[in-house]
Every structure is written in structure tokens, then in C-alpha cells.
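Could you slot chain B onto chain F? The hints should help.
As they're listed, the protein sequences go chains F and B.
Under the UniProt record's numbering, the first residue of the first sequence carries the number 1, and numbering increases by one thereafter.
Under the UniProt record's numbering, the first residue of the second sequence carries the number 1, and numbering increases by one thereafter.
A couple of the hints might just be wrong.
Heads up, incomplete: computed chain B residues facing chain F, CB under 8 Å, no partners named [what the hints assert, rightly or not]: (1) A62; (2) I65; (3) W80; (4) D86; (5) Y92; (6) G93; (7) A212; (8) F213; (9) S217; (10) M242; (11) R246.
Distance windows between CB atoms, simulated [as the list claims (entries may be wrong)]: (12) B:G147 to F:G183: 35 to 43 Å; (13) F:A303 to B:E292: 26 to 34 Å; (14) F:Q98 to B:E306: 33 to 41 Å; (15) B:E227 to F:R172: 46 to 54 Å; (16) B:A34 to F:T207: 52 to 60 Å; (17) B:A186 to F:E300: 39 to 47 Å; (18) F:R197 to B:T307: 51 to 59 Å.
For the record, the hints were derived by calculation from the structure and aren't laboratory data.
Cβ atoms here follow ideal geometry from the backbone N, Cα and C, with glycine treated the same way.
There are 2 protein chains.
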Amino acid sequence: MARLAGVSRATVSYVLNNTSAVRISEPTRRRVHAAAKELGYVPHAAARSLRAGHSRMVLMPAPSIPVGPLYSQFISELQWALGRLDYTVVQYGSVGLQGEEAARAWAELRPVAVLVPGTGLGPQGVALLRRSGARAVVTLAPEAVEGAHALLMDHERVGRCAADHLYARGRRRIGVVVPEEAGLEAFSLPRLAGVRRALLGTDATLTELSLAFEEQSAIRLAARWRELGLDSVFAYNDEYAMLLMRALQDEGLRIPEDTAVIGADDLLLGRLLRPRLSTVHIELPSGRDLAELVDRAVREPGAATETHTVLGATVVHRDSS
Amino acid sequence: MARLAGVSRATVSYVLNNTSAVRISEPTRRRVHAAAKELGYVPHAAARSLRAGHSRMVLMPAPSIPVGPLYSQFISELQWALGRLDYTVVQYGSVGLQGEEAARAWAELRPVAVLVPGTGLGPQGVALLRRSGARAVVTLAPEAVEGAHALLMDHERVGRCAADHLYARGRRRIGVVVPEEAGLEAFSLPRLAGVRRALLGTDATLTELSLAFEEQSAIRLAARWRELGLDSVFAYNDEYAMLLMRALQDEGLRIPEDTAVIGADDLLLGRLLRPRLSTVHIELPSGRDLAELVDRAVREPGAATETHTVLGATVVHRDSS
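Isolated chain F, as found in the complex (with noise of 0.2 Å):
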């Protein structure tokens, strides 16, 4: 390249490093680009981190099990985001690492930020990143984590406004499904824990059922359904909810009269159900706001951590419940 640009060795890296201890003047700049463009150079972002110390990329572990329509609503917002502010989001399939094997793995990439989904990253995963040159480390989970920020995700919320609902509307015998599928546990277990808590000293029974998000796994609970004796159920979400719904009309329990059903999300499939589906609609936070936060973060790695309530909970109550 040095040769087609008739520079040296050397101008060709300072040109292309950008350095800017040393003084090169325009042409010669311009020179030593077309010469790389003409060579089809590609620039390694890897190597220019290794220098600069820091790149543009923020890192996402990808999600490990197939996202609801929400989710993967809430990443292509993300993208859009980050992307208009110049960075880089790259989604990391860490299948099957935890805690700090998982940072460890990230770190390798030095990232300028971490977004992490759910818990797991204990403060030794958060201070290895930000150690290997991360600026900002943000948690997406229901407790904050030492030395990252965190948008604090209260799934026990959602649960707490089906039961509290459902109470409402006189139902005592109240049902919730929790799905065997594998993964769902961060999201399921939080909004049992809200529905047991909501019910905690009232004459109200709790009743887990689990569901696998099969026609089959609905048919056997439908199936069993008078001897459970529920007068109401909490469906985990809308799409277990229209599940377990048909079920119990194939069943010809009627809904809500026999039994009443609230899922969670709010996706548009509840509103198609006859009846209509009651649910929780969930407010994640706008990937612009959290474009924002990171940004922030990297701009000032030094400032306090900042810690954000983002996930909101409210009923939309419509006529299966």
C-alpha cells in the first residue's frame, strides 16, 4: 500500500490509525485512503480498540431461548437506537456460560457497554468487564447489581396486579400457570412470587399449575379442571392464556362465569379471543431512553451508578375476567 500511495510504511499505519501525535498533511492523507480503498482495505475494529482502547459496540448477551413478540419488539427498538447514536449493538450467544465465565467471554470483545437482561452477573462479573475497558455496565433485572446501573425490571408487579384484580372481582380460588419451558423461570417465578405476596393474609388460595405450551399440556389440565375447584387463573401471558382458554371452552367451562382468565403483556392476540382477553399491560423501557443511559454512561465512566424503575404494570381488564 505504501508503494501505491508512494508514502512510508509508517505514514500508511499513522494515516490509518489516525494518530495524531504525528502531523501528516491532507494530500498525503488522502492519498494513503484512496491507496487503502483501492486495495479494498478493511480496517480491524479489534485492532483499532487495541489502540484507542475502547470501541463502539455494545454488548447483549443474545437471548437463549425463543423471545415473545415484547422482547423482540423492545431489541429492534434498541438497535435502532444505539445505532443512531453510533454505536454498535452485537448480541453474544453465550449459550450455556454464567456469571463471570460469561463476562470473562464478553470482555474478550472489550465492549464500551454491556447491557445485561436478567440476573446472574454478580459485582466480580460487573468489575472484570469494567476492568477490561467496558465504560458501562447496565443490568435489566429485578435487583440492582454493585458498580453497574440498573433499570430495575419488577416482575413480582405483574403478578401482584393480576391477583389483585382478581380479588377484586370477588375470585378466592385463584389458579396460576407456570410454563415448563426451560428459561421462563426469571420471568415466572417473579410474578408467582407477586401473586402469593398479593394474596398474603386473604382468604384467597393459591394454586401453581404447570402448563407446557402444548395443545396436548392444556387438554390434560382442562381435563382436571373441575376438580381443582379454581374459580380464576393467571395464565403467565397471553399466549399461555389463549392456550389454556380454548382448553377450558373445549372443556365447556365458561369463561369468565366458571372461571375467569387475565394473561400478561397486552399483545393483540387477547383482543381477537372471544371473549376478550383480560391481561397486564407491561411498560418495558423505550429503547430510546436507554440508548440514552448508555450513552451517558460511556461518556462518563467515573459518574455514580444510576439505578431506574422502568418496568410498569397496569390491568387492562376486557371481558374474560
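Frame of chain F, contents of chain B only:
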């Protein structure tokens, strides 16, 4: 670290970089690794790939639109399968980047392989990625791209299957839903073209129906249904089919007597609708097969590019058609 391990700096770098050129005793290696661990040293993937000339990173552009359950499931499987083969899947959020520009951005991370769903990456893009050290480029698209392995996903087949089915059921005035949401054209237009091809030279008419994934849009379309005089509709996929079928039923139309409805993707929700939704079952490549193709290609970067047709499409006839 050298002091802690009681060895020379050179020895430390030899050990941590796994330099084979220099002989170093096991005890020494162990001492160095112990010291590294104690100091919380994290190797720089980039630096390693600079030395090794390649990484274990398989890069995929992240979808820029919220993905459906089918694709989400496919990605999770693929991540898992590649993880088993000791690759790391990284989904790159290339918002707004296209063709060569995107390829250049991906190349900066020096992935060992690149998986590109959809079209848009030309032969230049592939060449650029190969030049930058990608040992394999695999496209998942309707046509192959020179220099890349191709998994041909022929979405026209989906439309052809649906149209053949409706025609065989005696329907002649066939509507085809084209989603208004941006980003779905890559799937919706080939599906539409498939219907067109299937009906070519028959006595059936094709009517394009633009529909947004919103209740109001479906209600407006259903209100016009009788003037349209259609006897059947291919609703793009099961989710749009559920949306439209509900609006048609609320308009008092009988499914399938007045209008036959068929979706695509064979989602669980289709079996939960009444009448049960007919659909086109789509067979995506298994994550494991794809992972093995990638691994093969990485091991033999010089081998001839492979081309496989991977998208199977078969009609599942239920009660709605």
C-alpha cells in the same frame, strides 16, 4: 504478572499467546496461568485473532424487525448447535447498513464465518469478507451469491402451495394479504409471486390485499369484503390470518363457507382458532445441519461452495379452507 509468576515478560506473552514457536515447560505455563487468573487477566479476542488470523466468531446480521416465533426458534437452535462446536454466534446490529457497506462493518470484527439471511449481499460483499479472513460465507436467500455457500429459501413455494390448495378446493377469486409493515417484503413478495405463478393461465383471479398488523386495519378490510367478492384468502402467515379471520367473522362472514382462509408457518395458535386454521407448514433448515455446514466450510475454506434447497413447504389442511 511476570514478577508474580517469577518468569520473564517474554515468557508471559509466549504462554498467554500460546506461541508454539517457543518451548515452555508445563510447570512454567501453569505458574503463568495462575498469575494471570490471580490478576484477573482477560485475553483480548481481537488481539488473539490478529495473531491467529481468525477467531471462533460466527457473525450474523441481527434482524432489524421484530422476528416471528419460527425464526426466533431457528436462531436459538443454531446458537446452541454452533456453541456445541465451540463457535460463538454474534448477531451484529447493522441498522441501515446494506450490501458492501454492511460487509465492511462485519469484516471489521474478523469473523471466521458469516451467515447472511435474506438478499442484499453481492459477490463484492462476499469477496470483501473472504479477503478479511472469513473462511466461509453462507447465505440464506432465494438465490445463491457467487463465492458463498447457499441455503436456498424459496418463499415462492409457500405461496404456490397455498394457491394450489385453494384452487383445488374450488376457489377462484383469491385474495393475498401483503403486510404493510416495513421489512417483511423479503418474505411477502416472494409468497405473492408464488401465488401469481400458481394461478397463471387458470380461470382464477388474484387480488392483493394490503393489511397492517392492527385490529383497525383488519376491520376496515373486512368492511370492504363483500364488494371485493373474494371466495378465499392466503393471509401471508398464521398471525395475519388470525387477525383477518376474526374481523371477517365479526362481519358475519362464515369461514370457510363464504371465504376460505389459509395462513402459513403452522403456529400453535392456528390450532386454537375456531374454525381451526389451515396453514402452510414451513420446514426451516435444522440448526444442527447449518452448524455442521459452517464447521465444514471453516475447516476447508478452499472447498467448492455448497448449495442446498432447505425450505420445505407443505399444506396442513384444517377447517378454515
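Index of numbered hints that the structure contradicts, given in increasing order
4, 7, 9 and 13
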